[in-house]
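Counting in full-length UniProt numbering, the sequence shown runs from 1 upward without gaps.
I should point out that these hints are in silico values taken from the structure, not numbers from a laboratory.
Because the structure is a prediction, the values reported are computed rather than measured.
Some hints could be false.
As the list claims (entries may be wrong) - Cut-off 25 Å, straight-line C-alpha distance, at most; resulting in silico cross-link-like pairs (DSS-like, lysine-lysine): (1) 297 / 154; (2) 251 / 221; (3) 297 / 144; (4) 265 / 224; (5) 103 / 56; (6) 81 / 265; (7) 103 / 265; (8) 144 / 154; (9) 220 / 154; (10) 14 / 81; (11) 221 / 172; (12) 251 / 181; (13) 264 / 220; (14) 162 / 272; (15) 151 / 103; (16) 172 / 154; (17) 81 / 6; (18) 221 / 154; (19) 272 / 154; (20) 172 / 144; (21) 103 / 264; (22) 132 / 283; (23) 181 / 144; (24) 224 / 154; (25) 316 / 265; (26) 251 / 224.
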Amino acid sequence: MDISDKESWESIIKGCHFYDIYHTHFYHCVESYFPAILIVSRYNNEIIALPFKIRKIENSEYSDLTSVYGYCGPISNLCFKEISKEHFTLLRNFFLDFCKTNKIVSVFSRLHPIVDYGSFFSEFGEISILNKTVVINLRQSHEKQYECYRKSTKYEIRRLAKQGYTITEAHKPEEVDDFIKIYYKTMSKVNAFERYYYDKNYFYKFLNNIDYRIMLLLAKKDNKLVAGAIFTIVGDIMQYHLAATMDEYIKDSPMKLIINEARKKANSYNLKYLHLGGGFGGKDNDNLFLFKSGFSKDFRQFSIWKLIVNDTQYNKLVLIRNLHQTKNNFFPLYRL
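All chains should be modelled from the sequences, with the hints used to inform the complete structure.
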C-alpha cells in the first residue's frame, strides 16, 4: 500500500507485536522526501510489514528502496522466531518479484536494534553489523534503573539539581523556536550532514501531531533555556530523537537531567524501553556513546540490511560513476 492509505497503514502497524515511531504513517509523511510504501505479507494468521521509501535513480528508468532515517526494518504481529518457514519463503519470492516488476535495483534498510529478526534475512541479502545502541530497560524497578546509572552520572544529576537547573515540557511556540535555534547551532558545531538540518515546519509537525505522544523537554537555568530534547512515545518504546545544548552550558551537561526526567515519564506511561541510540556517526568509542552509556549497560546491536536485486544494472550504475565496489562499503555504491 502507498502513503495515501493512512487508515490501512496504521491498522497494520498497530496490530504488530512491536512497532516504533519509525514504522508509522506519520513519520513517513514527515521525514520522507520520497514516495513511501508499506509492503504487507499475510500467511494464515501471520503478518509481516516492511516500510520503505522509493527513490528514483537519476538519469535512468530504475529506482531503489531505502528506509526512513531512524531505526526501521520489518515488523510482524508475531515474534520473528514464530514465523513459519513457508511464510518467509513466500515473502521473499513475492518481494523479489515486486522489485523486478517495479525496476528496483537495490534495497537498503536500517534495522531496529530492539527487534530480534531470527532467520528472516537468511539467504535474503546481507546484514552489516555496525555500532551498539543504549537501552534503558523500563521493565526493571525504578530503583534498579537508577542503580544502572554510572556513578558519575548520578553525581552530576544531583549536582545539576542543586545548581538550580530545572526540567519542563515545552508548550509555548516561543520555547519551540528557541530550541530550534539551539539545535541548528549544535548541528553546525558538530559539522552534521545536511539531512539533520530539518526546517522549522518539521519540528512543529512533530510536536503538534494528533496521532502520537511526542514531547520536547527543556532544561532551564535561571529561567533561561539552555538545552532541550525531543522524545517520541509509540507502542512500548520512548525514543530519544533530537537533542541540543547551548555551547556555554555543555560542560555542565544538563542533558543528563533531561534524560533522567524522560525516564521517569516513560515509567509513568508503563513503557518497556527508553532507547537512547548510539554514538555520533555510528561509533562505540566517542563522547556521545560514552555519555549515553552512563545511563545503562544494556547495549543492543544496530545493523543494516543490503540487498542487490538486479546485479547487472547495479554494476552498470557503479561503472557509469567510475566507482569500484571493492574499495568502499557504502551501499548502494552508485549513490556515493
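Against the structure, the hints:
no., hint, in the structure
1, 297 / 154, "holds, 14 Å"
2, 251 / 221, "holds, 14 Å"
3, 297 / 144, "holds, 12 Å"
4, 265 / 224, "holds, 23 Å"
5, 103 / 56, "holds, 10 Å"
6, 81 / 265, "violated, 32 Å"
7, 103 / 265, "violated, 46 Å"
8, 144 / 154, "holds, 13 Å"
9, 220 / 154, "holds, 19 Å"
10, 14 / 81, "holds, 20 Å"
11, 221 / 172, "holds, 18 Å"
12, 251 / 181, "holds, 19 Å"
13, 264 / 220, "holds, 18 Å"
14, 162 / 272, "violated, 30 Å"
15, 151 / 103, "violated, 54 Å"
16, 172 / 154, "violated, 30 Å"
17, 81 / 6, "violated, 29 Å"
18, 221 / 154, "holds, 19 Å"
19, 272 / 154, "holds, 22 Å"
20, 172 / 144, "violated, 35 Å"
21, 103 / 264, "violated, 48 Å"
22, 132 / 283, "holds, 8 Å"
23, 181 / 144, "violated, 36 Å"
24, 224 / 154, "holds, 24 Å"
25, 316 / 265, "violated, 52 Å"
26, 251 / 224, "holds, 16 Å"
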